[in-house]
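If you read the sequences in order, they're chains A and B. Quick note: to get the numbering used here, add 1 to the position in the first sequence (first position is 1). Quick note: to get the numbering used here, add 309 to the position in the second sequence (first position is 1).
Please note that the accuracy of each hint is not assured.
Pairs of lysine to any residue residues, derived as SDA-like cross-links and limited to a Cα-Cα distance of at most 25 Å, are as follows [stated by the list, open to error]:
no., chain 1, residue 1, chain 2, residue 2
1, A, Lys365, A, Ser403
2, A, Lys271, B, Gly441
3, A, Lys495, A, Lys313
4, A, Lys313, B, Phe435
5, A, Lys371, B, Ser516
6, A, Lys271, B, Gln530
7, A, Lys271, B, Thr442
8, A, Lys365, B, Met380
9, A, Lys32, A, Glu153
10, A, Lys379, B, Arg538
11, A, Lys371, B, Thr442
12, B, Lys488, B, Leu407
13, A, Lys379, B, Val508
14, A, Lys313, B, Lys437
Just so you know, the hints here were simulated from the structure itself, not pulled from any lab data. Quick caveat: nothing in here was measured; it's all calculated off a predicted structure.
Next come the chains, spelled out residue by residue.
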Amino acid sequence: MAYAVEMVNIVKRYSETGVLANNKVSLSLPKGKILALAGENGAGKSTLMKILYGLELPDEGSIAVNGEGVKIDSPLVANKLGIGMVHQHLMLIDQFSVSENVTLGQEVTKGLRLSHRQRDAEVTALIERHNFPLKAEERVGELTLGQKQQVEILKMLYRNVELLILDEPTALLAEQEVDALFATLRELVVKGVSIILITHKLREIKVISDYLTIMRGGEVVGSYKTAEIDEEEISRLMVGRTLAFKTDKSSYQGEREEVLRLEGITLNAKGAKRPLLNNVSFSAFRGEVLGFAGVGGNGLGELESLLGGFVKPSEGHVFYNGEDITGYSPRQLRHSGLAYVPSNRLTRGSASQASLAHNLIATKVAQFTKGGLLQRRKITAYSNKVLADYAIKGGSDAAVGSLSGGNIQKLILAREIEHLHDYIILSQPTWGLDVESSLSVYNKMLDLKRRGVALLLISSNLDEVLALSDRVAVFYGGEIVALLEGEALKGATKETLGAYMLGLKGGGVSGT
Amino acid sequence: MERKIDLPLILVIILLALLAVVISVFLLSGDPLRTLHYFFLGPLKGRYYIGNFLNSMGVLIFGALGFSIAMQGGSFNLGGEGQIYGGAFVATIATFGLARLGVVAPPLALLAGALFSGLIAALSGFLKLRWGTNELITTFLISYALILVVNYLVGGPFLDPTTNLIATRKIAPQFQLAKILEPSNLSTGLIYALLAVVVVSFYLNRSRSGFELKMMGYNPQFALYSGIRVGWYTLWPMFLSGAFYGLAGGISIFGTYHATVKEFSSGMGWNALAVALIARYRPWAIVPAALFFAYLEAGSRNAMLHSDVTFEIISIVQAVIFFFITSALLKKRGGRHG
Ligand SMILES: Nc1ncnc2c1ncn2[C@@H]1O[C@H](COP(=O)(O)OP(=O)(O)OP(=O)(O)O)[C@@H](O)[C@H]1O
Ligand SMILES: [Mg+2]
Numbered sequence: 002m003a004y005a006v007e008m009v010n011i012v013k014r015y016s017e018t019g020v021l022a023n024n025k026v027s028l029s030l031p032k033g034k035i036l037a038l039a040g041e042n043g044a045g046k047s048t049l050m051k052i053l054y055g056l057e058l059p060d061e062g063s064i065a066v067n068g069e070g071v072k073i074d075s076p077l078v079a080n081k082l083g084i085g086m087v088h089q090h091l092m093l094i095d096q097f098s099v100s101e102n103v104t105l106g107q108e109v110t111k112g113l114r115l116s117h118r119q120r121d122a123e124v125t126a127l128i129e130r131h132n133f134p135l136k137a138e139e140r141v142g143e144l145t146l147g148q149k150q151q152v153e154i155l156k157m158l159y160r161n162v163e164l165l166i167l168d169e170p171t172a173l174l175a176e177q178e179v180d181a182l183f184a185t186l187r188e189l190v191v192k193g194v195s196i197i198l199i200t201h202k203l204r205e206i207k208v209i210s211d212y213l214t215i216m217r218g219g220e221v222v223g224s225y226k227t228a229e230i231d232e233e234e235i236s237r238l239m240v241g242r243t244l245a246f247k248t249d250k251s252s253y254q255g256e257r258e259e260v261l262r263l264e265g266i267t268l269n270a271k272g273a274k275r276p277l278l279n280n281v282s283f284s285a286f287r288g289e290v291l292g293f294a295g296v297g298g299n300g301l302g303e304l305e306s307l308l309g310g311f312v313k314p315s316e317g318h319v320f321y322n323g324e325d326i327t328g329y330s331p332r333q334l335r336h337s338g339l340a341y342v343p344s345n346r347l348t349r350g351s352a353s354q355a356s357l358a359h360n361l362i363a364t365k366v367a368q369f370t371k372g373g374l375l376q377r378r379k380i381t382a383y384s385n386k387v388l389a390d391y392a393i394k395g396g397s398d399a400a401v402g403s404l405s406g407g408n409i410q411k412l413i414l415a416r417e418i419e420h421l422h423d424y425i426i427l428s429q430p431t432w433g434l435d436v437e438s439s440l441s442v443y444n445k446m447l448d449l450k451r452r453g454v455a456l457l458l459i460s461s462n463l464d465e466v467l468a469l470s471d472r473v474a475v476f477y478g479g480e481i482v483a484l485l486e487g488e489a490l491k492g493a494t495k496e497t498l499g500a501y502m503l504g505l506k507g508g509g510v511s512g513t
Numbered sequence: 310m311e312r313k314i315d316l317p318l319i320l321v322i323i324l325l326a327l328l329a330v331v332i333s334v335f336l337l338s339g340d341p342l343r344t345l346h347y348f349f350l351g352p353l354k355g356r357y358y359i360g361n362f363l364n365s366m367g368v369l370i371f372g373a374l375g376f377s378i379a380m381q382g383g384s385f386n387l388g389g390e391g392q393i394y395g396g397a398f399v400a401t402i403a404t405f406g407l408a409r410l411g412v413v414a415p416p417l418a419l420l421a422g423a424l425f426s427g428l429i430a431a432l433s434g435f436l437k438l439r440w441g442t443n444e445l446i447t448t449f450l451i452s453y454a455l456i457l458v459v460n461y462l463v464g465g466p467f468l469d470p471t472t473n474l475i476a477t478r479k480i481a482p483q484f485q486l487a488k489i490l491e492p493s494n495l496s497t498g499l500i501y502a503l504l505a506v507v508v509v510s511f512y513l514n515r516s517r518s519g520f521e522l523k524m525m526g527y528n529p530q531f532a533l534y535s536g537i538r539v540g541w542y543t544l545w546p547m548f549l550s551g552a553f554y555g556l557a558g559g560i561s562i563f564g565t566y567h568a569t570v571k572e573f574s575s576g577m578g579w580n581a582l583a584v585a586l587i588a589r590y591r592p593w594a595i596v597p598a599a600l601f602f603a604y605l606e607a608g609s610r611n612a613m614l615h616s617d618v619t620f621e622i623i624s625i626v627q628a629v630i631f632f633f634i635t636s637a638l639l640k641k642r643g644g645r646h647g
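Full structure from sequences and hints, please.
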């Protein structure tokens, strides 16, 4: 068999933290096939792929591409070998257009001048070939996450990659967007491209991959043909035991009391024909999970920003326990009880150069201050405790940037849950979490619910939304097109939600 | 958390800078060995030279603290040139009015200079906050305007006609800092500079305000999200930055010049910036960085006095240092991915 890539006995220890991230890891991928790489948070998946892409150097081991031994010591070398990588955290320049991002570093020149027209035309052709809902001239900052993902992939297609590495590309996508992505991947495979895909989702492993390699604690647990192994077995291999999860939806015993209410919220955008949010009203109650579903670009991103205080509504009001908090800044909201897990953990949710301890106390530094000075011992003690309670792999003094993606997410969750007063906004709370950590988040959420907290869950993962929510608001075109609860929600499937999300059903529901 | 010091990188930069000196001396001098001798050993020959060389360190430290504290808070202050000069001038004229106050007068006069430059820098912070103007540009432009204004004042209304320098009157002896290594210029200013390093480092690492300032520097979106007063921390690092530049100016007057001489501080702001870059904005690292830079500067001056090279040699060395440091830092930054 001809192999696109073979990695043999790769060893990598991070000198900064002393963590042995890869311990004699081997992996191989036949040409034109898709390999899924799975395993718990911090297992060493991203590290292995960074080594293949030349972003990290291995301490030991060898790599062969197309059967030839190679030394990949920079992404440039990787690019020359036809290797491309889409990172766990997107790396686009928001101020640039789609075509500028796609051609960055490979600019089309005409004589000495950059040729914009040719560039746009080339990128447009590429977009059309793959049926992406994108325009070459659009500014990337205005795109939805799903579209940004597509731009990252376009970048790779433009470079004619033969081996494409995707690090958790689906984590933030709605199911429809995942399907679109997979369709693209299949097309690429037909053209002979080989693909390595990191994912935590069992369904995706089954649906898209030919081969599966599972890692745990820096080592390979095993490599399999996907067709020969079932989901349960995969899950067992990933965590080392079987997991059970059952939700108990009606466990809060107290009064049904309103915590947060939005009334006729409209958000107009400069230059846009439609408002981003149009007359949105709903209430969140104590001891209840209010779920939100919607495809990217239909208002959920704006709703999240609005609830977090990052944008102010053009019309309408927000009430918290009866008090009008419309237009409060994040600082004011924090004082009045906001706990918020943002969907963007690196740009909004953390300071990657700062330590874990400092990230944990940033939202409530006053509690760790005496006479204007930080109480360092108290901070360390608090941080050590939280890290242990939430099973976060990392020391209090380590920089957040040195954590694995899933562990950063756990850190943010921990901080916000500890900060929580009586409501919490959870946007993509299980982004990049392995199966076990996701379950522990779900259990934590149910626990909070029992304690009478109002939870607002914004998620692209419909299974999660359906399993946890007491009511579900579906967004389409900036409006709530359906509000499912009670029997209607019990009978609802992902397909039902999907139909609303695509605007095929419903319209004009005003919330309770 | 303090970022770790990258020793090998700094060593490479130092070696390259020294290499640049040697090469340019061989290119520019008719008697390279003699020139090199003066360059490298001149600054260390006797009390006078050692004292002068150490003295220039003090000002570099204050200035580098100024640039660094803005950087730590996520703001750029490229106005060092004007803020040093302006702070020096304000401190000078403050001495004329404050002389009667006795022992508190010198610190008050220095503070007046610091306050003035701090407010000038904070003005750029305000413009950024209010209209989103880029502080990189406004600090630079305001600084140049300020230099012209001070030039006018020093050469006109405040000119001391009794000397043939273009300068203000001398400050009274009560304001002059005590000398350490006479006959050199070295004064207690260097000690104050070292104290300032301790204070700034303590502020950044131990105080709540320093914590919030650094969070703003790490990630302003995160600071906003966390409930930190981002408006205030757009102004405050700039104010502190300007204040330290102002102190750099005031200390030069009180310790060395004893009067604001026209354009006496020309280049100091940029040199301080280079020192801050070498130190990568960490207060403690500023001390060795300033020592190194002051040594190169003193070496060039010596070589120029005792041999045939011109003062350009220091410019060449500076350019080389700037080039290597910035490219090394940029490379570092590009190499890390999430
Ligand atoms: N730049 C770094 N410096 C130091 N340690 C690091 C660095 N990057 C990762 N690590 C450590 O190496 C280990 C493996 O991390 P890696 O990012 O490869 O995990 P992962 O399998 O991708 O996890 P996840 O599913 O959470 O993204 C972790 O313990 C992590 O803390
Ligand atoms: Mg990862």
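(request) Could you grab the alpha-carbon distance between A:Lys271 and B:Thr442 and see if it respects the 25 Å cut-off? (result) holds (21 Å)
(message) For A:Lys495 and A:Lys313, compute the direct alpha-carbon distance and say whether it is at most 25 Å.
(response) violated (32 Å)
(message) Against the 25 Å threshold, does the CA-CA distance of A:Lys379 and B:Val508 hold or violate the hint?
(response) Holds, at roughly 23 Å.
(message) What's the verdict on A:Lys379 and B:Arg538, does the C-alpha distance respect the 25 Å limit or exceed it?
(response) holds (23 Å)
(message) Given the hinted pair A:Lys32 and A:Glu153, is their Cα-Cα distance within 25 Å?
(response) holds (22 Å)
(request) With a cut-off of 25 Å on the C-alpha distance, tell me whether A:Lys365 and A:Ser403 pass. (result) Given that 25 Å is the threshold and the Cα spacing comes to 23 Å, the pair holds.
(message) Check whether the Cα positions of B:Lys488 and B:Leu407 lie no farther apart than 25 Å.
(response) This hinted pair holds, its Cα atoms lying about 22 Å apart.
(message) Does B:Gly441 sit within 25 Å of A:Lys271, going by the straight-line distance between their CA atoms?
(response) Holds - the C-alpha atoms of B:Gly441 and A:Lys271 are around 18 Å apart, at most 25 Å.
(message) Between the alpha carbons of A:Lys371 and B:Ser516, is the straight-line distance 25 Å or under?
(response) holds (9 Å)
(message) Hint check: A:Lys365 vs B:Met380, CA-CA at most 25 Å. Holds or violated?
(response) holds (24 Å)
(message) Does B:Gln530 sit within 25 Å of A:Lys271, going by the straight-line distance between their CA atoms?
(response) holds (22 Å)
(message) Does B:Phe435 sit within 25 Å of A:Lys313, going by the straight-line distance between their CA atoms?
(response) Judged against 25 Å, a Cα distance of about 22 Å means the pair holds.
When each numbered hint is compared with the structure, violations occur for hints 3, 11.
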